[in-house]
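Based on these hints, arrange chain U on the given structure of chain G.
Protein chains in written order, with my numbering: chain G, 1 to 237; chain U, 1001 to 1264.
It is worth saying that the hints were derived from the structure and are not from the lab. Everything hinted at is true.
Below, a list of computed lysine-lysine pairs in the DSS-like style, where the Cα atoms sit at most 30 Å apart:
(1) K161(G) x K1152(U)
(2) K1254(U) x K1050(U)
(3) K1064(U) x K1254(U)
(4) K1219(U) x K1253(U)
(5) K1122(U) x K1254(U)
(6) K1138(U) x K161(G)
Bear in mind that the values here come from a model prediction, so they are computed numbers and not experimental data.
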Amino acid sequence: MTLFQPATFLNYLLSVDYAAAAGNTLWISLASLVLGLCVGLILAMAREVGFPPLNALVSVYLWLFRGTPALLQIVFAFNVLPAFGVVLPGFACAVLALGLNEGAYMAEIMRSGIRAVGQDQRDAAQALGLRKWQMMRLIVLPQAFRIVIPPIGNQFIGMLKLSALVSVIGVHELLLVADQSASSNFRYLEALSAAAVYYLVLTNLFMAVQNRIEWALSPSSSERGDKVARRPLLSPT
Amino acid sequence: MFRRTLALSISLFLLPAVAMAEELQLVEPGKLTWGSSPTFTPFEFMRDGKPMGFDVDLMDALSKRINLSSNMMGMEFKGVIPALLGNRIDVGVSGLYVTAERQQVADFIPYVIVGNQIVVQKGNPKHISGRDGLCGFKVAVPVNTAFEASTKQVSAECTAAGKPAIDILSLPGSNNVALALSQGRVDGALNSTATIAAMMGETPDVYELAGPAFDANTKVGIALRKDSTALKAQLEQALQAVVKDGTYASLLKKWNLPSTASAF
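Next comes chain G alone, as it looks inside the complex (with noise of 0.2 Å):
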């Protein structure tokens, strides 16, 4: 048994099974990130209206989701939710469970970028005559938006690699197709490098993209065909 094989190792890389795994794995860790966003941004908000029991209620919503595995939410919405009658497919107890684990961790992540954003800017907007939402719209979220995205990147590139937690709720994720393949010729080596393969792709195509949005939320981009800023680089607040 020679210890690499190029060929299986190619051969695993080009086929149709793990091209459609990687495409899972992308398709779970983009819906979970949405879903992440959405449930993250909502509890932030919930704690900037300042209503205690709605405090107490995101509170006890990130004490559950970040301090139980991630593992067990999956095992948790595969294996018990049916007790209650809710039978969902695999996929989206993944979604599910990801996505609102990611929700807690997103909500803390967006809390610091709207606490980022000064009084003095929301000072201002109210001295302008905004209403409160007019001004958490217009002032406070485009903001914090853009100190966020750097973590939410970080965040999206863990949950790319936490995606391969579903493999045991028998979603055909990467990493359950890299274990199949290599069960009938036990070629470990060459099944699990073209996963890694497939997983380091993705990761770079998502570090690209958070350039791209980067650059484009970065204020020096809204002069539009202007490479260098034209600003001072500490502009007077």
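Coordinates of chain U only, in the frame set by chain G:
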């Protein structure tokens, strides 16, 4: 001179014994370390935090025969053969079906014969007739098992005959499969006759058989690395002794395996 001759003759005399002890290179000295996934009733499963089952008892008996202590190492089923090939365990004993693919990488000592069967929810709500009536249904199997391979083959037969393929749900172990079936997540499951019998014995009124057993001469074996010839010879001898003294037959009985399950 005399001393030298004496030393030489003594060492020559001792040589076979020394060689034999050296030949058995074990992962942990004095222990027969066997990898297993305790999710496959009645062969190996956990009860009250302890592994038990036919394989556990058999490995105890075999280890005793070759003066080693039985050391089960629990792992996921899909990890058993890789662990064997990676020298992490001495043998793999996890209700492993002897398949052509596995024989390419490992040697086997067959010790039990089983068949496969289809199990459905009580009342057979989808009216599945058996192996050939699975086309288009959702079927759960443990991942990387012969059951999974077998279901894929049935599915290929379905599509070749112009029928819809089987929607296969691959889960970590047979315990997960049993749960998925009882929850109605799948329409049926394919597993060993012995495992299905144990499932139905443990939780009556939940499952029902669909159709007769098939692939009735499937061998279950102890997996060894191809270079573990010395260990293989010793285990084969021990197995024969255990069959001869009646331990084997009593174990079949203890774990409700029919006499047709005997490989001897």
